[in-house]
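We have chain A already, so just place chain B on it with the hints.
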Amino acid sequence: MKRRRLEEIIVRWTVTLGGVGVILCIALIIFFIALEAVPLWRGASASLTGTFEVAQRDGAVPLAVGIDEYGEITYTVSGDGAVSFYSAKDGSLMSSRLLERLEGAGVAAVTPVSGQHGYALATDTGFVLPIEIKFLVSFDEGGRRNIEPWVYEGDPVRVSDGPLVLAAYASDEEGGRAVTAAVTAAGALIVVSEAAGDSIFTEGETLTKRYDLTPALRGSLPTQIAVDDFIENIYLGTNDGRLFQWHINDKANPSLEAVRDATPSRSVPVTALGFLLGGRSLVVGDAAGGVSVWFSVEDRASPSGRSLMRVHTLSPHDAPVTRLAPSFRNRGLISGDAAGKIIVHHATSERKLLELVSDGTPIAALAFAPRADGIVSVTGSGTQYVWALDNPHPEVSIKTLFGKVWYEGYPRPEYVWQSTGGTDEFEPKFSLTPLAYGTLKGTFYALLIAIPLAVLSAICASQFMHPSFRALIKPVIEIMAALPSVVLGFLAGLWLAPLIENYIPGVILWFIIMPPLILLSVFLWRLLPKDFRLRFRDGGELFFLIPVVIGGVLMCYWLNGPIQSGFFAGDYREWLFDTFGLRYDQRNALIVGFAMGFAVIPIIFTISEDALSYVPRHLISGSLALGATRWQTALRVVLPTASPGIFSAIMIGLGRAAGETMIVLMATGNTPIMDWSIFDGFRTLSANIAVEIPEAPHGGTLYRVLFLAAFLLFVVTFLINTVAEVVRMRIKKKYGNM
Amino acid sequence: MKNFWKSGDPYVWLTGGALMTSLLMVGGLLLLIGAKGLGFFWPEDIAQMRLKDGTVLLGRITGKEKIPSIVGDSEDRTRVHLKIGNRDLYGLDFKWVDEDRIEKIEFPLGAVVLERREWGDMYAFIEDIERDGVSLPGEEEGLWEALGGLIREARGIYSRIREIETEEIGRINYRIERKELKIKALKLKGKGGEEWGEGRVARLEAEIEGERALYLEKEKELEALYRKLNENDVVMKTADGRSKTVPVGGIVRAYRPNAMGVLLKLGLYGSKLKEFLLDSPRESNTEGGVFPAIFGTVFMVLIMSVAVMPFGVLAAVYLAEYARPGPFVQIVRICINNLAGVPSIVFGIFGVGFFIYGIGGTIDSFFYPEALPTPTYGTGGILWASLTLALLTLPVVIVATEEGLSAVPTAVKHGSYALGATKSETLRRVMIPTAMPGILTGLILAIARATGEVAPLMITGVVKLAPTLPIDANFPYVHLDRKFMHLGFHIYDVGFQSPNVEAAKSMVYATTLLLIAIVLVLTIFAVVIRSRLRKKYSFGEL
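Heads up: the sequence lines are chains A and B, in that order. For what it's worth, the working numbering labels the leading residue of the first sequence as 4, then goes sequentially. For what it's worth, the working numbering labels the leading residue of the second sequence as 5, then goes sequentially.
Chain A with its partners taken away, still in its complex shape (with noise of 0.2 Å):
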């Protein structure tokens, strides 16, 4: 009995925990989705590993800082000449230096160069030089790192006699070409071109230009200079808050391209010019506290075909900007102000991700770490700051993942879904919209397929067909909805494409032909005599409509030729291109319509026919009896009744073909476009989780991004389900006892 009774208990607790476990189980699927997915929304967070007084004399004041890719070392460049390098854990002092090639000289101002630690100096004697700081890494023997500091001096370029208070300088890689743009004490604008000499007669020599491109400025006063890394741009802030635009190349004289208001009015300076990652983009920031991203978008208007234009605007400081950095690895940027605080962006998605605060003097020198993990500042008291920074997604947000986006170098914003490039520039461009759309577009043609087919189908069988007959056809619906996907994929992408890529028009004429054949074989049945007729047993005599089928299928194969030379000029791809301008990709929509109709017909119609079938005797005696023919019955009294539980049908379907994946994966050419033509392909959600995952690193933007989709897709086909499901149960519980 004590056995009995503890095997009793046991069982009971046994089945409660697993059964509770598992359910437990399947709504952990859920979370773990949506939790993966959660970490795109997060912000960025920093903490301030140091702070310390840099070394202060007479006229250093730091003008640039910067941090070593490890995060062990700082440099500052300052207005004495000197280059010095602290560490970065205690802020002690390793090594300074004076630059030999600056020769007593002061330094002005300094400029960012392309690459991540070269500058350019504007000096108080006339000359620019172009210097980079460098990181020599080794490793000893037990493995620990040894980090070498130095710096290179460029050639100096000389740009007047007087001193300047700007500099800006590229160079292209090999050295062959530099430019210099410099501004004077006196506010004369000079850019100083150098090519290596190409010719046989100039090889081995340097060709030098200079160009006054003073008078273009018409009074205004430049207040900030930059020069972009392909050595195509000159772009000049002024006082007045104008932002001047010139075209060089190493030919022809530089060209006054674009001059535009940057700021939001004529008292408002530039106070800070920069480039984002890739040197396409530039920041501008203003005395107001505006920061704004530009670059030149095509244009057909413009003679160069393309025109500068203000494309983002960030958060706003409070007080004038004085410093930008951008970020080496994504399109961010932080930007420093009067006030001492810093503004993590970033541009493309126009997020604000952090704000930091310094001590409320000004930030004099801003610089991002190499590796985009930390921040390093010198605020006008001489106080250095160096924070770590997690910004695992900045480039994403609701915007950007569901709205049109302006990526660099497009004409305007688009839904874009590209996630890899071939360039370590390369911005990865997230927009859900495409996929979505694929996803509708793909369910809706498999459903303006398998919808008529399926319900008509149901109809059929439950209303006009005797039960033998049903009991043969259900099963093998049933072993329809059993074909795996990757089957149905395979037909349609490597065998119905290609044969229906020649017969379109074929295909076309079928669906019209069809329901005239059948009238014109019901005509003549008919006229059959009757005890023939009477001798098929309840709709054994539509059998006789399967050579009808076949037979129209026929007759359109042979059509196809004819009418495509007849009507469409002998090829309907060419005819379609040159009357509505649509292309014929031939893994398109149809042939998703049609692989996919396959897939959901099974299941529209075993849930329409059992719905259909619920319907009471009684009442399809009835309106018999009283007359009706057995298609009023079926239209006015079974389908009435039955509708919900087709609907719940129709809606079950769509959820299945909104989440496929190997058929669209297979009959598609899966490009992310958006484009309503059922000769296009398309990329769906599912598709794209399938192709995108086995690449996505883990933890990355792309993989959280594709954890959303999913969840996305989740949570549609299970609402969708959900309502089937209801409206199922409620039929089942109406009719069920009649």
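I should point out that these hints are in silico values taken from the structure, not numbers from a laboratory. A quick note: this is a predicted structure, and the numbers were derived from the prediction, not measured. Be careful, since some hints might not be right.
[What the hints assert, rightly or not] Sample of chain B residues lacking proximity to chain A, with all beta carbon distances greater than 10 Å (derived):
#, residue
1, Lys-70
2, Tyr-94
3, Ile-109
4, Glu-119
5, Trp-148
6, Ile-176
7, Leu-208
8, Glu-225
9, Val-256
10, Glu-287
11, Pro-329
12, Ile-463
13, Leu-484
14, Tyr-496
[Stated by the list, open to error] A few chain A residues facing chain B, derived, Cβ under 8 Å:
#, residue
15, Leu-9
16, Thr-19
17, Arg-473
18, Ile-476
19, Ile-549
20, Trp-634
21, Ala-693
[Said to hold, decoys possible] Cβ pair distances, simulated, as ranges:
#, chain 1, residue 1, chain 2, residue 2, range
22, A, Ala-37, B, Gly-32, 39 to 47 Å
23, A, Leu-585, B, Glu-103, 53 to 61 Å
24, A, Thr-582, B, Gly-95, 53 to 61 Å
25, A, Gly-584, B, Val-482, 57 to 65 Å
26, B, Leu-185, A, Ala-37, 33 to 41 Å
27, A, Leu-585, B, Ile-65, 32 to 40 Å
28, A, Arg-7, B, Leu-469, 53 to 61 Å
29, A, Ser-624, B, Lys-10, 17 to 25 Å
30, B, Glu-122, A, Pro-414, 49 to 57 Å
31, A, Val-510, B, Leu-267, 25 to 33 Å
All residues carry an ideal CB built from backbone N, CA and C; glycine is no exception.
Positioned in the frame of chain A, the structure of chain B alone reads:
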């Protein structure tokens, strides 16, 4: 005419048209796959085409189609799709030949098909056999017979080579790898200050040396075998008169379809079918067999069943018998039902995040730190794929089991209680045995679904070519961390990722047929069991 519309018949027939179209679609599809899949193994005759410009082509006719017509061209022109093989000579396997350019088609008896391990099939005539560079005397017939013997001999050598390469050397490599890992692990521990590891490290290193010596020995044996394998060459003459020397060791089989009777062809058919089912793939999966894929599929489904059955049944029993009926249970039931409609790729990505990176990563850092950064369980593998599919099929099992349990007549249940049985006894002795067909149906449906599912697998551990099976002769014999091959993925991969899709197509049809056959047999089995079950208990409620 009025009567015509009023009778409703036209509408009825229209719905009938839809139904018949659906049925025809199913039938047509099965027929297509059946014909193409089974036709793959049939040794078809080889046609020799003499074209009007004097070119001679030799190959297998694979199809015929109308040439897309041009404006004003009233005459229908057709072209023939010819598989000319000889990829090493022509570069392409297939050629389109306009029918009006053909002067004559013959089926020469001497045309030989060589199935080769490299470069695909060869269609040509036998010209000469060279043994160590010396020609063998004899006429075409004599040579043909000699070739048969040589191929048989070479096949024996080749299978020995395969054995050494995959099994013996594989085993040695595996042992070396494990020992090296062990040394690494000992050194990792040694950093913690434990001294006792040094002796063991030295011993292991000595053992590795021994294994290396063994390896070299095997290598020598292989070299000798290879020399023997490549002793003989056969010189073939193609239709356009070019001579090509083919090493006999590289020939899988040779036959002359035009000279074969139906019985002989049937025999060859059987042997090709056997190769397909039992051999490993060749030429990046486009030729040879699919045995590893069959094995992977079956093994994965097996693990999945072991994982899904107890939990599925437990959950179903809980819902049906132990949970207090009410809206909450009803909601849970709906949710589980709906889970079956959630896209499989969602389960797949869950598997990637939770099983592979979550659990797998943790296992690696605790139990296999010596192998890091190479992941052991922290990457796709058969275990994770199976568990992902187990989650995917859980709703199927739960729903079917619940249905089975609720189909047990209450009278039977009450009878058991009346006889004094406790709830657990009733469950164990009455309910579950009676509901067994229902539970089995669930399992079979789950297996059918899992067999055909590809999307979640391709991100959780399926690969196009797995060098080793998940079960082998190396300790611990079952390797759940290994990647595996799968029939469904094989279809996707060969059909869409292989460089020579056209040549691989027929192979894909055969694989498709196999997959469909497995799935359909399972499904039909489930449908039959279910209908039996329904019949058996349908009057229990009366």
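Against the structure, the hints come out as follows:
Lys-70/B, annotated as away from the interface, has a beta carbon of chain A within 10 Å; the closest lies near 7 Å. The claim that Tyr-94/B is not at the interface with chain A holds, since no C-beta of that chain comes within 10 Å of its own (minimum 22 Å). With a minimum CB-CB distance of about 25 Å to chain A, Ile-109/B clears the 10 Å threshold, and the non-interface call stands. No Cβ of chain A comes within 10 Å of the Cβ of Glu-119/B; the nearest lies about 23 Å off, and the non-interface call holds.
The beta carbon of Trp-148/B sits about 37 Å from the closest Cβ of chain A, which is more than 10 Å, so the claim that it is off the interface holds. With a cut of 10 Å on Cβ distances, Ile-176/B stays outside the contact zone with chain A, its closest approach being about 32 Å. Leu-208/B, annotated as away from the interface, keeps every beta carbon of chain A farther than 10 Å; the closest lies near 24 Å. No Cβ of chain A approaches the Cβ of Glu-225/B within 10 Å, the least distance being about 39 Å, so the stated non-interface status holds.
For Val-256/B, the condition that its CB be more than 10 Å from all CB atoms of chain A holds, with the nearest at approximately 25 Å. With 10 Å as the threshold on Cβ separation, the claim that Glu-287/B sits away from chain A holds: the shortest Cβ distance comes to roughly 18 Å. At roughly 14 Å from the closest C-beta of chain A, the C-beta of Pro-329/B stays outside 10 Å, upholding its exclusion from the interface. With a minimum CB-CB distance of about 5 Å to chain A, Ile-463/B fails to clear the 10 Å threshold, and the non-interface call is violated.
Remark: the non-interface label on Leu-484/B is consistent with the geometry, its nearest Cβ contact in chain A lying 20 Å away (cut-off 10 Å). With a cut of 10 Å on Cβ distances, Tyr-496/B falls inside the contact zone with chain A, its closest approach being about 6 Å. Given the 8 Å rule on beta carbons, the hint for Leu-9/A is violated: about 10 Å separates it from the nearest Cβ of chain B. Because the beta carbon of Thr-19/A sits about 6 Å from the nearest beta carbon in chain B, less than 8 Å, this interface hint is met.
For Arg-473/A, the shortest C-beta to C-beta distance to chain B is roughly 11 Å, which exceeds 8 Å, and the interface hint is violated. Evaluation of the Ile-476/A hint against chain B yields a held restraint, the C-beta minimum of about 7 Å falling below 8 Å. Hint on Ile-549/A holds. Least Cβ distance to chain B is approximately 5 Å, under the 8 Å limit. Because the smallest distance between the Cβ of Trp-634/A and any Cβ of chain B comes to about 3 Å, under 8 Å, the interface hint for this residue holds.
At a threshold of 8 Å, the smallest CB-CB gap from Ala-693/A to chain B is about 5 Å, leaving the interface hint in force. For the pair Ala-37/A and Gly-32/B, the supplied restraint of 39 to 47 Å holds, since their beta-carbon distance comes to about 43 Å. Between Leu-585/A and Glu-103/B the CB atoms are about 33 Å apart, so this pair departs from the stated range of 53 to 61 Å. The given range of 53 to 61 Å is broken by Thr-582/A and Gly-95/B, whose C-beta atoms sit roughly 39 Å from each other.
Between Gly-584/A and Val-482/B the Cβ separation comes to about 59 Å, which falls inside the hinted range of 57 to 65 Å. The beta-carbon spacing between Leu-185/B and Ala-37/A, approximately 38 Å, falls within the hinted interval of 33 to 41 Å. The beta-carbon spacing between Leu-585/A and Ile-65/B, approximately 36 Å, falls within the hinted interval of 32 to 40 Å. Hint check: Arg-7/A to Leu-469/B, Cβ distance near 56 Å, so the stated range 53 to 61 Å holds.
Take Ser-624/A and Lys-10/B: their Cβ atoms lie about 21 Å apart, and the range 17 to 25 Å holds. With their beta carbons about 51 Å apart, Glu-122/B and Pro-414/A fall inside the hinted range of 49 to 57 Å. A beta carbon spacing of about 43 Å between Val-510/A and Leu-267/B contradicts the range 25 to 33 Å that was offered as a hint.
In terms of the numbered hints stated before, the structure departs from hints 1, 12, 14, 15, 17, 23, 24, 31, listed from lowest to highest.
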